[in-house]
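Read off the chains here:
Protein chains: 2
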Amino acid sequence: MTITIKDVAAQAGVSAKTVSRVINQEAHVRPELRDAVMKVVEALGYRPNAFARSLSSSRSYLLGLFLHDPAWSSYAVAMQRGALMQCRKRNYHLVVEPLDISSEGWERQMMTSIDALRLDGAILTPPVCRHGPLLDRLEALKLPYVRISPGERLERSGVVDIDEERAAYDMTRSLIDLGHRDIGFIKGIPSHAATPKRLKGYLEAMRRAGLSVIPDHVAPGDFTFRSGIEAGEAMLRGPSRPTAIFASNDDMALGVSAAAAKLGLTVPTDLSIAGFDDTATARIAWPPITTVRQPMEEMAAAAVDILIDPVYRNAPGDPRFQRELSYALITRESTAPPAASS
Amino acid sequence: MTITIKDVAAQAGVSAKTVSRVINQEAHVRPELRDAVMKVVEALGYRPNAFARSLSSSRSYLLGLFLHDPAWSSYAVAMQRGALMQCRKRNYHLVVEPLDISSEGWERQMMTSIDALRLDGAILTPPVCRHGPLLDRLEALKLPYVRISPGERLERSGVVDIDEERAAYDMTRSLIDLGHRDIGFIKGIPSHAATPKRLKGYLEAMRRAGLSVIPDHVAPGDFTFRSGIEAGEAMLRGPSRPTAIFASNDDMALGVSAAAAKLGLTVPTDLSIAGFDDTATARIAWPPITTVRQPMEEMAAAAVDILIDPVYRNAPGDPRFQRELSYALITRESTAPPAASS
DNA sequence: AGAAAATTTGACATCGTTGTCTGGTAAAAA
DNA sequence: TTTTTACCAGACAACGATGTCAAATTTTCT
Numbered sequence: 001m002t003i004t005i006k007d008v009a010a011q012a013g014v015s016a017k018t019v020s021r022v023i024n025q026e027a028h029v030r031p032e033l034r035d036a037v038m039k040v041v042e043a044l045g046y047r048p049n050a051f052a053r054s055l056s057s058s059r060s061y062l063l064g065l066f067l068h069d070p071a072w073s074s075y076a077v078a079m080q081r082g083a084l085m086q087c088r089k090r091n092y093h094l095v096v097e098p099l100d101i102s103s104e105g106w107e108r109q110m111m112t113s114i115d116a117l118r119l120d121g122a123i124l125t126p127p128v129c130r131h132g133p134l135l136d137r138l139e140a141l142k143l144p145y146v147r148i149s150p151g152e153r154l155e156r157s158g159v160v161d162i163d164e165e166r167a168a169y170d171m172t173r174s175l176i177d178l179g180h181r182d183i184g185f186i187k188g189i190p191s192h193a194a195t196p197k198r199l200k201g202y203l204e205a206m207r208r209a210g211l212s213v214i215p216d217h218v219a220p221g222d223f224t225f226r227s228g229i230e231a232g233e234a235m236l237r238g239p240s241r242p243t244a245i246f247a248s249n250d251d252m253a254l255g256v257s258a259a260a261a262k263l264g265l266t267v268p269t270d271l272s273i274a275g276f277d278d279t280a281t282a283r284i285a286w287p288p289i290t291t292v293r294q295p296m297e298e299m300a301a302a303a304v305d306i307l308i309d310p311v312y313r314n315a316p317g318d319p320r321f322q323r324e325l326s327y328a329l330i331t332r333e334s335t336a337p338p339a340a341s342s
Numbered sequence: 001m002t003i004t005i006k007d008v009a010a011q012a013g014v015s016a017k018t019v020s021r022v023i024n025q026e027a028h029v030r031p032e033l034r035d036a037v038m039k040v041v042e043a044l045g046y047r048p049n050a051f052a053r054s055l056s057s058s059r060s061y062l063l064g065l066f067l068h069d070p071a072w073s074s075y076a077v078a079m080q081r082g083a084l085m086q087c088r089k090r091n092y093h094l095v096v097e098p099l100d101i102s103s104e105g106w107e108r109q110m111m112t113s114i115d116a117l118r119l120d121g122a123i124l125t126p127p128v129c130r131h132g133p134l135l136d137r138l139e140a141l142k143l144p145y146v147r148i149s150p151g152e153r154l155e156r157s158g159v160v161d162i163d164e165e166r167a168a169y170d171m172t173r174s175l176i177d178l179g180h181r182d183i184g185f186i187k188g189i190p191s192h193a194a195t196p197k198r199l200k201g202y203l204e205a206m207r208r209a210g211l212s213v214i215p216d217h218v219a220p221g222d223f224t225f226r227s228g229i230e231a232g233e234a235m236l237r238g239p240s241r242p243t244a245i246f247a248s249n250d251d252m253a254l255g256v257s258a259a260a261a262k263l264g265l266t267v268p269t270d271l272s273i274a275g276f277d278d279t280a281t282a283r284i285a286w287p288p289i290t291t292v293r294q295p296m297e298e299m300a301a302a303a304v305d306i307l308i309d310p311v312y313r314n315a316p317g318d319p320r321f322q323r324e325l326s327y328a329l330i331t332r333e334s335t336a337p338p339a340a341s342s
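Going down the list, the protein sequences come from chains H and P.
In terms of this note's numbering, the numbers along the first sequence are unbroken and rise by one, the last being 342.
In terms of this note's numbering, the numbers along the second sequence are unbroken and rise by one, the last being 342.
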């Protein structure tokens, strides 16, 4: 038999409500009574039933992590890990909800899941976090949410991100410092907030170094391995070949690497390659890819902390809930000075 | 406002209980009525409140997926995806619990999480599923659990797996059919149940084909990329070089691929490489790796189905809860006939 | 056709907790 | 001392579903 609050109440000679007050550390309980009740709680090993509690109070101690499903990448995995660990520390639980935003009715899917579980908060990752109407609906529901790397910041909600533009700038700069003059760039999906930022950082670094950007050496891409192969192949077969290519994510960088292998080019001797994100695959590839590390787990953990903060609910726009974490350049074997021939 | 069962009942002109029956697929509801109610459920987008359900039925509608944490590989991701989707279909929810079984107190961590959430069942993946004392404790708690790829089957619990030995046999056989005679093999961690099975399949295929196995061409490994590099390098630098290497998982196969690149060998011209698991990275690598596909998502889904089956609780040993799913050989560009020189 | 059995439905209590409201007692202010 | 205020504690009704049981209906059997 499980011990209920009534057992405790009877044993302590008080009402159930009073026990509830003690458990939840509410005000207005005489300290002596408080202690007496606590003693009984300890003695009986009473633990409140989480379901009853949620049902009654309409708080769930549950946070939701919403991910765009097809992109179930190591990015998503890292996010989940970070959020999970932080929830554990804070005595919350995490529900992971994959979403397919290209399918009809994903919003309803999300909403129903929110109210079935009465989530206390939601963590939104790209590209879900950029969906305006969705944000409006969450606000209408008064469900606190935090956006991760949404691109633009808004006054009305917490954000966790890194300075993508500066990161791209730094990476480009480091290629320039290695001696590269003709550096190619592969863009991501236009709808993704990171795309223009990373491009801007690249362009800015080239401009400041007084280097010209060859139009054909800035190629479109869509963050997939395949698009990296295509863009890389086109660029490498072209009339003038860049000595380095900076892809705006790791998967595409791996695509470039594959394209180079196909064309008989050796990395990094004939071509330097840099990526972005520091996914596990960047490490596992051969050669390992030089990339920008985003502290994804910490970002997720920060999002959890923000959501749990009792102040957040009433002041989601407060600047202290706009957190920018730091990134790091990870140099691996896919980059080197250009061949002496140049 | 959230939609409750009463709203549906009112709209459909039936009692709340009837709606409840429909939702839970209980018997004794006229098909026409069933459909009518379902239509209203759809129309209103009703989803039962998980807490109220739990409170009332003393079931939690929550399943736990326990994963060995450091191995948060694409294996784990696939498992999670499969389990999640199936839970959604069946109106259950999933809680993912990463565990570090090398750390002290992981068992307690697991137990507290089980009784805080009052899980209805647990899915155990390797290597957690092989921990005898843990199984005993779960049984003591009367918590149904299903083991995924545990190696040996037990009378007392459900199992989902594939025939790893035959899969390894088939893969080896297909290399032999390509014309390879000297095929190397890289083993996994000994504690992992898959290791001896995959080895056995390989040895058996070699034996039946009348091929001899060179002792140095069966190397130890630990399922990591790095161990694949090391084993591969050792084998390829040795006096006689195999024309094909079968690594017992994809990460190690990628390691072999990297080692080959390092030594200036071209895959598959100079060396064929095969892996096992069909993880996302096997597809993304260059060249893409030939491998054995485990239907991991389906395996997880099957585990969910077993746990939810009302019969399972009382007859966990029933043969119908021992499910073997089918695998598939995925041929990609890392394998080809050996160079003509041989 | 009439009785028995099976099927289909609903009323109502219940799960364990917290929110609201009300009454009483002790401390502070007049 | 009397009035006001603060503080404490309990009764009772939610929260939203399911379990139980009994009534109404249909089917099946003599």
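If you are wondering where the hints come from, they were derived from the structure by calculation, not from laboratory data.
Owing to the predicted nature of the structure, the values given are computational and were not obtained by experimental measurement.
For each residue, glycine too, the CB sits at the ideal point set by N, CA and C.
There's no promise every hint is true.
Here are some of the chain P residues that sit facing chain H, going by a computed Cβ distance under 10 Å [claimed, not checked]:
no.	residue
1	Val40
2	Phe225
3	Ala285
The list that follows gives simulated cross-link-like pairs (lysine-lysine, BS3-like), each with its CA atoms no further than 30 Å apart [what the hints assert, rightly or not]:
no.	chain 1	residue 1	chain 2	residue 2
4	H	Lys6	P	Lys6
5	H	Lys17	H	Lys6
6	H	Lys89	H	Lys39
7	P	Lys89	P	Lys142
8	H	Lys6	P	Lys17
9	P	Lys39	P	Lys89
10	P	Lys142	H	Lys6
11	H	Lys39	H	Lys17
12	H	Lys17	P	Lys6
13	H	Lys142	P	Lys89
14	H	Lys142	P	Lys6
15	P	Lys39	P	Lys6
16	H	Lys142	P	Lys39
17	H	Lys262	P	Lys262
Checked hints:
1. Val40: This hint is violated: Val40(P) lies away from chain H, its Cβ roughly 15 Å from the closest one there, beyond 10 Å.
2. Phe225: 5 Å, holds
3. Ala285: Given a least distance of 7 Å, the restraint on Ala285(P) holds.
4. Lys6(H) <-> Lys6(P): Holds. Lys6(H) to Lys6(P) sits at ~29 Å (cutoff 30 Å).
5. Lys17(H) <-> Lys6(H): Measuring from Cα to Cα gives roughly 9 Å; hence the hint holds.
6. Lys89(H) <-> Lys39(H): 26 Å, holds
7. Lys89(P) <-> Lys142(P): OK: Lys89(P) and Lys142(P) at ~25 Å, within 30 Å.
8. Lys6(H) <-> Lys17(P): 28 Å, holds
9. Lys39(P) <-> Lys89(P): OK: Lys39(P) and Lys89(P) at ~17 Å, within 30 Å.
10. Lys142(P) <-> Lys6(H): 26 Å, holds
11. Lys39(H) <-> Lys17(H): 16 Å, holds
12. Lys17(H) <-> Lys6(P): Satisfied, since the Cα-Cα distance of roughly 28 Å is no more than 30 Å.
13. Lys142(H) <-> Lys89(P): 27 Å, holds
14. Lys142(H) <-> Lys6(P): Distance ~23 Å between Lys142(H) and Lys6(P) Cα, so the pair holds.
15. Lys39(P) <-> Lys6(P): 15 Å, holds
16. Lys142(H) <-> Lys39(P): Holds: Lys142(H) and Lys39(P) sit about 29 Å apart, inside 30 Å.
17. Lys262(H) <-> Lys262(P): 16 Å, holds
Against the hints set out earlier in the document, a violation occurs for number 1 only.
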